[in-house]
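Visitor: Here is how the chains run, residue by residue.
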Amino acid sequence: MPKSDSSFGSASPTRRQFLLTTSSTVAAGVIAAYTPAHAATEFADESTAAGADAPSIEGEVPITLRINGKDHQLRLDPRTTLLDCLRETVALTGTKKGCDHGQCGACTVHVNGRRVLSCLNFAVTHDGEEITTIEGLGTPEAMHPMQAAFFTHDAYQCGYCTSGQIMSAVALLKEPCGPDDPAVKELMSGNICRCGAYANIVAAIQEVRKRA
Amino acid sequence: MHNFEFIRPADQAAAIAAAAQSKTAQQGADVRFLGGGTTLIDLMKLNVETPARVLDINRLPLDKIEVTPDGGLKIGAMVRNSDVANHAKVQKDYSVLSQAILQGASAQIRNMATTAGNLLQRTRCIYFRDTAMACNKREPGSGCPAITGHNRTLAILGASEHCIATNPSDMCVALAALEATVHIQGPKGSRAVAFGDFHLLPGNTPHRETVLEPGDLITHLTLPAPISGSKQVYLKLRDRASYEFALASAAVVLTIASGKTTHARIALGGVGTKPWRSSEAEAALTGKPATEAIFRQAAEAALRDAKPQSENKFKIELARRCLIHALGMATAS
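If you read the sequences in order, they're chains V and P.
At position 170 of the first sequence the residue is numbered 170 (this note's numbering), and the sequence of numbers has no breaks.
At position 165 of the second sequence the residue is numbered 165 (this note's numbering), and the sequence of numbers has no breaks.
Because the hints were derived from the structure by calculation, they are not lab data.
No experiment lies behind these values; they were computed from the predicted model shown.
Check the hints yourself; a few may be wrong.
Partial chain V-side listing against chain P, Cβ under 7 Å, derived [stated by the list, open to error]:
(1) Arg-79
(2) Gly-102
(3) Arg-114
(4) Val-116
(5) Leu-117
(6) Leu-120
(7) Asn-121
(8) Ala-183
(9) Leu-187
(10) Ser-189
Away from chain V, derived, C-beta distances all over 12 Å, residues of chain P [said to hold, decoys possible]:
(11) Ala-20
(12) Asn-111
(13) Ala-113
(14) Glu-161
(15) Ser-190
(16) Ala-301
Restraint-style ranges between C-beta atoms, simulated for each label pair [stated by the list, open to error]:
(17) Ser-310(P) <-> Ala-142(V): 57 to 63 Å
(18) Gly-159(V) <-> Glu-179(P): 46 to 52 Å
(19) Ser-142(P) <-> Ala-142(V): 55 to 61 Å
(20) Gly-159(V) <-> Asn-204(P): 50 to 56 Å
(21) Pro-224(P) <-> Phe-151(V): 22 to 28 Å
(22) Pro-176(V) <-> Val-211(P): 30 to 36 Å
(23) Glu-58(V) <-> Val-211(P): 34 to 40 Å
(24) Pro-187(P) <-> Pro-182(V): 24 to 30 Å
All C-beta atoms in this analysis are idealised placements derived from N, C-alpha and C, irrespective of residue type, glycine included.
I would like the entire structure built from these sequences, with the hints used as guidance.
Guide: In structure tokens form, the structure reads like this:
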């Protein structure tokens, strides 16, 4: 089935943009009265709302994360997982929270080029390290070959696990892995897909591996 | 999650000094070392672990694999599980270790989890992980609802009337068969502990799982020089093909000459309250012909003391067949 590309470059607000806007508006209202467990502050340029005036958090830890090639100076509650930091502090929501307990793989990102589960990492342990998320792989106009292959092979249904699947699949290209489908399935077993798109996921990965 | 103070000790001595402030190194520790986080952070989210201080030891220089003067292997505490499994010498001389690691968890978790952390991973018993339930391991004296409850995945070897929790590790089963040594640096100096002595049986104190005391830091493991010509197999049986804990597993290190077993090291996983070395199976094999009849006798011996619970009697036969099949694979290869 041909896929519509209408969500990209459209003049009307997309669902994602709508959610981003409303959630940050709601969050701003909440922060005024209450500091959540994963409260954090990002010090970027002058244009950001949160700046030097932001309330400090007890026990906060200053760190720098290099995310998708850009340095982010952050002050984090040490309880903040890398996943929550990416989604809530840096507003990169492509990385998904599934189980939050290391059992589903939806939160897979790369740290220093290796795939890890961002839900079982405290962000403060990654001071100075290089983080790559799905947003750092490609853009709708210039997709990473793995993103393009997932699109071509219809390797998803609801899409919730997809960013984790793709981050795992890209890391797999550099790992020891036998040539056949069972080897790929074994190394992708940490990424659960409730829709059951596994056959197409394996096909997409194998196409990229054969072209490489 | 409870709040904690995050500390990155400058060196090993500072890490040990800070950890020595803890009242215990076992369940209830108020100071914890943080490695890969795959167990600790999970349990902190569940409020099963509530340390007041977390010591990040990820940048301590304990991340090397080196050949020892006697031809064995030294594996640093912070070497990630995937790096052990994919190391050329491990694959060549200690392949049971590589096989066991690669059959555990997922690629992401193996990239995170450390060598020392794997030794300290906690049981998957659902009563331990749920703070609404009683658990003698989590809250000594509160009781063990698993014994009369859901115990299908729990232990049939080494349990007590106070705890039947299974040790979940695959890597440790291989390390038991390879007769590894655990090297510990503590406030009073360093010591070496034979792998079989590192984990404790639950007995009356299921909250005590290892010999570690406050301030004790595992620095590395050593493996003895490889036994030339040994056949090594790790076989794992579970509810799904991958990314699942063992219902039963077997690590086999076997040397055969003229059709007879001259050296056997056997350990079982998924069935014991600790990684289960079976000297009974080893004795049944050594000096005997490497035949299926003898393998059956060895499996009988290994499970002779097994005590099933209401839901896991099947594990006795499963573990027997697992060991017999693993021995068959080792002799066929």
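Visitor: Could you tell me which of the numbered hints above are not met by this structure, giving the numbers in increasing order?
Guide: 8, 12, 13, 21 and 24
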